Amino acid sequence: MPDILVVATAPLGTLSRSSLELVAGAHAIRGPLGLGVTGLLLGTGPGLATAPQALHEHGVARVLRVDHPLLTVGESDAYLRALEQVARRENPEIILVSADTMGRDLAVRLAWRLGAALVTECSDLASADGAVVASRQVYGGRAVATLAVTRRPAVLSLKPRSLDAPAPDPVAGSVEDLSVELQQGELSSRVREVLREQSDVGLEDAQVVIGGGRGMGGPEGFAQLGELASVLGGAVGASRPPADSGWVPLTWQVGQTGKTIRPALYMAVGISGATQHVAGVSGSRLIVAINRDAEAPIFSVAHLGIVADYKEIVPALVAKIREMRGQ
Amino acid sequence: MNVVVCLKQVVDPELPAKDFAMDPGTQRQVREGRPLVISTYDENALEVALQLKDASGAGVKVLTLGAQAAVGDAIRLALAMGADEAVVVDDALAPERAGAEKARMLAAAIRRMGSVDLILTGCESADWVERVVAPLLAEDLGVACVTFVSRIESRDGAPVVRRMVEDGHHLVEVRLPAVLSITSDESNRPRLPKVKDIMAAKRKPVQTWAPADLVLTATSDPASGVEVRQVVVPERTSRCEFLTGEPPELVEALVQRLRDQKLL
Ligand SMILES: Cc1cc2nc3c(=O)[nH]c(=O)nc-3n(C[C@H](O)[C@H](O)[C@H](O)COP(=O)(O)OP(=O)(O)OC[C@H]3O[C@@H](n4cnc5c(N)ncnc54)[C@H](O)[C@@H]3O)c2cc1C
Ligand SMILES: Nc1ncnc2c1ncn2[C@@H]1O[C@H](COP(=O)(O)O)[C@@H](O)[C@H]1O
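Protein chains in written order, with our numbering: chain A, 51 to 377; chain B, 16 to 279.
The shape of chain B in the complex, shown without the other chains:
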């Protein structure tokens, strides 16, 4: 079984508000001087892939589209966690590209890898949160798609994926090859590499491809005709009224407020 995990590098999404700034030129977040990390759910996706490797010897490749000069840390971490090899599509424009443009390039890169059974992505990218890459990869590659999957399980010997829905989960049987987008749960918390894994990762193969090496599917791009007009950071002015006193008074005051608001 060959598994590809798509990893995106983003500015750490949990940085304090003071470190967040917009670049008016690109209409994207300022990256300079900010720590870059693997997009949150992509690490869960990698963990799911590594569990398949542990259980049944699946081969795990990671794929990222980004500037070669910037993605080093992300790739090293992924290889240290246990991925076998990495492919970087060296594209400095990646942070400004719409999800649909990137999906086409990623699909072309996956086709170039040869036979692949499972393609895993994060359920959403931590910064732009489009949730488009997984379903677009599936369309472009002509394969099945299930999103917001937390686990790959088996039922009566057949593999099923556990998909999160509004009121619970569905166990879904899916034909391979397939694209799955992965969401976090307690079963796929990303592993921490050990020192020896970090050392071993240095010897693992990393290929770099140029965007020109990719053969894109000729379709009309869902991102064309869509233009980012502005990105606004709303002012937040605190309006909080603090209740004061000892716990019994606090409870009393809260009950009074809830009554005033007809909530009790």
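Okay, chain A solo, but in the shape it has when bound:
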């Protein structure tokens, strides 16, 4: 059966959440298009041993695995070459890649090399009349474009945290180990140093995110948000101005250019609610906004609004929660 190839990774020792989202995307289109789903695991290290099982548990029976010492984190060129070799052997009809920091380039460069049709940064996948129909946010989240892909092969990249991970659907499966030709000398870029800035709770997967904006006034304001996040067991995020100004790490940025998040609780503090910010948070279950301007657009997307200076709310909220817990 012709196939949808899902390009999966396991950089942290287990199958990544983004890879599971690709599986959800594949499941959404495989039936109507009459395609099977094959998982391709690329990388090196212990994660590759357990990840096939995680794919089998989510309905992917056939798993191909490429374990190569050059496939370490961030080595885009090596991943591209490996992926290209496998794609040429397998001839899939559709290739799904995560639009994470590495995948988003891989998808594009692979499409060029295979002469494939390409849609990037998709937020949803569906099908109609034998075509893949992809949705993506445009104009800073003001509009959603729907694109029909009528040509095969096609490469589509899926924006992380746009889809829910699929429900478990265990199947009996197989794993095939493939070898690829890769040489250090042919790679045109190489990661020299990895600088981690992650807080304890990863922003993309936190159930609670406290976001701060320009209204925080500086890094000190973010220290207060850090306390609130820590009593709630969450992470701190930011709009663009604090990230751009170096008040917080760039990786904390949420929105069109930053991360997409879908926590159970998102609290936007001192954030006006520009569409480019809202684009990254609108999937949150409960949105609480604290802003001293009652007219701020964030209140048109929030479920709960507090019109006040954050300095009168945030420290008191932290104290109240601590008091409740007898701390």
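None of these hints come from the bench; they were simulated from the model.
Hints may be right or wrong, so weigh each one.
Okay, derived cross-link-like pairs now, DSSO-like style, lysine-lysine, Cα gap no bigger than 27 Å in a straight line [as the list claims (entries may be wrong)]: (1) LYS217/B with LYS68/B; (2) LYS68/B with LYS209/B; (3) LYS361/A with LYS277/B; (4) LYS277/B with LYS370/A; (5) LYS277/B with LYS68/B; (6) LYS219/B with LYS68/B.
So the derived label-pair ranges between C-beta atoms look like this [what the hints assert, rightly or not]: (7) ALA111/A with THR41/B: 36 to 46 Å; (8) GLU267/B with GLY84/A: 50 to 60 Å; (9) GLY183/B with GLN135/A: 45 to 55 Å.
Small disclaimer: the values here were computed from a predicted structure and weren't measured.
A virtual CB, placed ideally from N, CA and C, is assigned to each residue, including glycine.
Given the coordinates of chain A, assemble chain B with the ligands onto it according to the supplied hints.
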């Protein structure tokens, strides 16, 4: 060192919602009567190039694909900021073209410029946000590619680029020539030109090329077979419930809601 910066002109992406409208004919945003600006991150890309010029005398050319009649302001601003010269590929259809089509034309224009060491683009265009142009330029030109770069630094005398990733940064060594897509951080905030720079910019060379002057690479276009079916502007109805009272009551009410939702 020769640096080319690709600049796209877009409708100001931070205009209020009331000024945003779709043109059903082109499936693109209405441009008439709206202010046009350089796409957000392209200004950061230009700033990175100008810092190389300040530090080591790199030559900086800007390249834009757009209607000659419309791109004047963008080009003048770029030259006033400090670019040495500009090339305009005069193409009225540019705003409706897919990123992949434009990338092929831009690659052809870059080949026509002769020897180039670094090609900088924005990390994403502010309007259509495809993030395809940089990697496609790299493929078309057969050179290296690193995206979401905020700085060009050096480590032990070798140039490395600082690339943003999910959980921090990677310092990446890259062979030249290379295409880098640039994202913003505090080190590349675009400079504001002074009055004398604006005057001097008027004397800087601007070349205009026709699309017919370009020799495109013969490959199958990644945008062919992809068709925009519709572009929908979702209705947003406010559902916000405002909590009321003085701060202690507000905090009390918020805690109650968080408990109701089992978030506390
Ligand atoms: C191409 C592009 C990509 C972008 N990508 C992103 C992105 O990924 N993420 C993102 O966030 N933005 C992004 N932006 C920027 C976006 O358009 C807005 O400029 C940005 O989100 C505004 O940030 P802000 O709300 O923090 O600041 P502002 O709009 O300045 O709002 C600050 C708010 O704080 C409030 N305030 C001030 N003081 C206090 C106080 N003491 N207490 C309570 N409230 C207070 C004010 O009333 C105001 O509403 C992008 C823009 C473009 C063009
Ligand atoms: N018409 C254009 N002229 C010059 N550069 C462009 C044009 N369109 C896109 N680019 C460049 O490609 C980058 C990324 O665009 P995109 O792939 O559309 O997100 C932009 O930030 C620009 O640097």
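Query raised in the report: Does LYS68/B pair with LYS209/B here, judged by a C-alpha cut-off of 27 Å?
Result: holds (17 Å)
Query raised in the report: Under the criterion that the straight-line Cα-Cα distance not exceed 27 Å, is the pair LYS277/B, LYS370/A satisfied?
Result: It holds: about 16 Å lies between the C-alpha atoms, which stays within 27 Å.
Query raised in the report: CA of LYS217/B to CA of LYS68/B, is that 27 Å or under?
Result: OK: LYS217/B and LYS68/B at ~20 Å, within 27 Å.
Query raised in the report: Within 27 Å, alpha carbon to alpha carbon, are LYS361/A and LYS277/B?
Result: holds (25 Å)
Query - Beta-carbon spacing of ALA111/A to THR41/B - inside the hinted bounds 36 to 46 Å or not - result: holds (44 Å)
Report task. Assess, step by step, whether the Cα of LYS219/B is no farther than 27 Å from the Cα of LYS68/B, and give holds or violated. Result -> This hinted pair holds, its Cα atoms lying about 16 Å apart.
Report task. Starting from the range 50 to 60 Å, see whether the pair GLU267/B and GLY84/A falls in it by beta-carbon distance. Result -> Given a distance of about 57 Å, which is inside 50 to 60 Å, the answer is holds.
Query raised in the report: CA of LYS277/B to CA of LYS68/B, is that 27 Å or under?
Result: The given pair, whose Cα atoms are some 56 Å apart, is violated under the 27 Å limit.
Report task. Could you check the hint for me, namely that GLY183/B and GLN135/A are 45 to 55 Å apart, CB to CB? Result -> Since GLY183/B and GLN135/A have Cβ atoms about 30 Å apart, the given range 45 to 55 Å is violated.
Checked against the numbered hints listed earlier, the structure breaks hints 5, 9; every other hint is satisfied.
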